[in-house]
Amino acid sequence: MGDGKRVYLTKEQILTDLRDGMADAVDLGDIPELSGDELDKLMDIITMPSRMVGVEAGMEVPVTHDIGTIRLDGDQGNSGVGIPSSRLVGCMVHERAFGADTMELGHIDYSFKPVKPVIAQEMQTMEVCQQNMIIPLLYGAMPNMGLYYTPDGPFENPGDLMKAFKIQEAQESMEHAAKHLTRDIVWIMQRMMASGADGVNFDTVGAAGDGDMYASLHAIEALRKQYPDMYIEAGMAGELMLGLHGEMAYDGTVLAGLWPHQQAPLVAKAGANIFGPVVNTNTSKSFAWNLGRAVTFVKAAVKASPIPCHVNMGMGVGGIPMLETPTIDAVSRASKAMVEIANVDGI
Amino acid sequence: MSKEETFKLLSDAVVSCKKDAVLAAVEKAKSEGIEPAEIIEKGLASGMNSVGIMFERGKLFLPHVMMAAGAMEAGVKLLEADMPKDAAKKKLAVIVNGTVEGDVHDIGKSIVSTMLQSSGFEVHDLGRDVPLQDFIDKVKETGASMVGMSALMTTTLPGQREVIEMLKEQGLRDKVKVMVGGAPATQTWADKIGADCYAENASEAVARAKELLL
Amino acid sequence: MGVGDPMGMPITHIMTSGMSGIRAAGDLVARMEMSKSMRVGDAKNYVAKKLGVSTLDLSDEYVMRELREELGIGVITSVAGAPKGIAAKMNIEKLLDIKINCCEKFRQKIR
Chain A
1 MGDGKRVYLT KEQILTDLRD GMADAVDLGD IPELSGDELD KLMDIITMPS
51 RMVGVEAGME VPVTHDIGTI RLDGDQGNSG VGIPSSRLVG CMVHERAFGA
101 DTMELGHIDY SFKPVKPVIA QEMQTMEVCQ QNMIIPLLYG AMPNMGLYYT
151 PDGPFENPGD LMKAFKIQEA QESMEHAAKH LTRDIVWIMQ RMMASGADGV
201 NFDTVGAAGD GDMYASLHAI EALRKQYPDM YIEAGMAGEL MLGLHGEMAY
251 DGTVLAGLWP HQQAPLVAKA GANIFGPVVN TNTSKSFAWN LGRAVTFVKA
301 AVKASPIPCH VNMGMGVGGI PMLETPTIDA VSRASKAMVE IANVDGI
Chain B
348 MSKEETFKLL SDAVVSCKKD AVLAAVEKAK SEGIEPAEII EKGLASGMNS
398 VGIMFERGKL FLPHVMMAAG AMEAGVKLLE ADMPKDAAKK KLAVIVNGTV
448 EGDVHDIGKS IVSTMLQSSG FEVHDLGRDV PLQDFIDKVK ETGASMVGMS
498 ALMTTTLPGQ REVIEMLKEQ GLRDKVKVMV GGAPATQTWA DKIGADCYAE
548 NASEAVARAK ELLL
Chain C
562 MGVGDPMGMP ITHIMTSGMS GIRAAGDLVA RMEMSKSMRV GDAKNYVAKK
612 LGVSTLDLSD EYVMRELREE LGIGVITSVA GAPKGIAAKM NIEKLLDIKI
662 NCCEKFRQKI R
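Residue numbers (our numbering), protein chains in the order written: chain A, 1 to 347; chain B, 348 to 561; chain C, 562 to 672.
Take the hints with a grain of salt, since some may be wrong.
As the list claims (entries may be wrong) - If you want the ones that stay clear, here's a sample from chain A, every Cβ over 10 angstroms from chain C, calculated:
1. Leu9
2. Gln13
3. Asp30
4. Thr47
5. Pro49
6. Pro117
7. Glu156
8. His180
9. Tyr250
10. Gln262
11. Lys269
12. Ser284
13. Lys285
As the list claims (entries may be wrong) - Listed next, with one range per pair, are the computed distances between beta-carbon atoms:
14. Glu12/A x Asn396/B: 33 to 39 angstroms
15. Leu617/C x Pro228/A: 40 to 46 angstroms
16. Arg626/C x Leu88/A: 40 to 46 angstroms
Calculated directly from the structure, the hints in this document are not laboratory data. Where a beta carbon is used, it is the ideal one built from N, C-alpha and C, also for glycine.
For reference, chain A alone in the conformation it holds in the complex (with noise of 0.2 angstroms):
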């Protein structure tokens, strides 16, 4: 199940899951259904009565990674196991021991904010891990517009102001937010660039509505034309840009309600590398319902995307049950599906 519950189930009724949950993604983002074969293969590789399954050699893609080292130190509310250790050595662990294809150096709070005071801390371990370290690394934080907010930020709080049918004052909130928050992170990655960062991972962009993807947009935007061979990569907070303000537009498309297959585009124009599309898992539905769903949302995002799309595979995203200990057998068959039948460039 979503939820990572083990239920059994006949083949009829994974079929009938899988049709559904693809019936609603194409009913949702108005994309094309998946062909009848490409239905089997999702079946077959769902019936694999192996714990575990594999791409078909030749097909694996390179992963990369959100949260940093923190799901190694870190504690419960990031997944992280707690094992004391320095981050040096958490991206090495990533690198040597896990064979991770790229990683990325964040600090424990991850999000862009609160790391202005603490930048020097920030490049002075980019600096140690860039002169260890082979694959690429980045610097990855979550734009997080919801701590330029009160009570957090300077600017009134406008789920607050919503609820008092200030709508007007809601929206210029976010709109002084955005700017704030666009100005953050490339302060922030102009330090990390000049502390040898191969670039940086925006993670969970929109998470805070259309006003932080708008912010996030413009980031990418400035980063790029200050940084032409900056490594940018942009991975989504959900399948839909919540219109939290509403009328925000990037390139003159308004970005709520946009779908991840019409994200990528916009990513793309704003100068990134790499896209991240995601698509919610719901728990209480079937994985087979979940992986149709997802899996159809994301062959569509690839399809329309101009650059490489890593799939965000994570826990409660991808197809993969909202667990913090995910179970083995949804994870593997989850990644196989997304990489044979979506055609994703990475994970």
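Dock chains B and C against the given chain A, drawing on the hints supplied.
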């Protein structure tokens, strides 16, 4: 114009999110002699339901929902004089909503509050990082019939269970329904802690609240 | 990929779908995706051509282990005296005909 056509006119006016259009449609319905209660239930409220569906499908957004709710409220006000005293102002039910202590996530919970409010509930949004006793105190103060609790972290999720236990200890559990949500919450979790319902998103929260309270 | 415990999430993905980093040629393919926005097929073709191997070899530990050591681009085990860190990345720059930011910064600091 048939009654059905007038109801559609009212509903479409709410979906357009325009106050002027709603007021004009209400005037027209009144002039046709339709009862205020019918104008509200079969016209305006039906429009708000459509707005909710369009929100869920990403076709309308939060500001639109609020504008539609504002327009509907103006329409209802126009009918007040023809209705029994206070009938127009009557809310569906009172709900206390908030994010549990230790958790500073606000946005998803705020969307739920806004959607509930737009659907006619009286919502008392306690904000985020809410001390658990505050949920209980607010229920007592407002006579709420439902408590909604959000948590976005596995570490703060147990706060939802604690509030349920506190409701039991203070003799309030039978008087209020409990709804839980947030990324790590699931139906299994809701069952385990004895919540009355779990909602996957804001639209579902409105649907569950209506099922349990109306 | 996002959150989840190390074995359940990154290790499972890497075992299922990953190119296994410097055990094979995953870092090189990733660099081409990220530096030139190449789709995975193009990136693999580019790297394979530069290495003089087939694209299938890019995930083949047997082929890549020896090749990486010969080219001085870093190997997974701690081989004494073999290029590591920025030294290995300077060799990757030459091999793939790209610039790597930290190598540029390193060069700028040498007087």
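Status of the hints after comparison with the structure:
no. : hint                                    : result
1   : Leu9                                    : 22 angstroms, holds
2   : Gln13                                   : 25 angstroms, holds
3   : Asp30                                   : 24 angstroms, holds
4   : Thr47                                   : 16 angstroms, holds
5   : Pro49                                   : 16 angstroms, holds
6   : Pro117                                  : 24 angstroms, holds
7   : Glu156                                  : 31 angstroms, holds
8   : His180                                  : 26 angstroms, holds
9   : Tyr250                                  : 19 angstroms, holds
10  : Gln262                                  : 19 angstroms, holds
11  : Lys269                                  : 12 angstroms, holds
12  : Ser284                                  : 20 angstroms, holds
13  : Lys285                                  : 19 angstroms, holds
14  : Glu12/A x Asn396/B: 33 to 39 angstroms  : 34 angstroms, holds
15  : Leu617/C x Pro228/A: 40 to 46 angstroms : 33 angstroms, violated
16  : Arg626/C x Leu88/A: 40 to 46 angstroms  : 25 angstroms, violated
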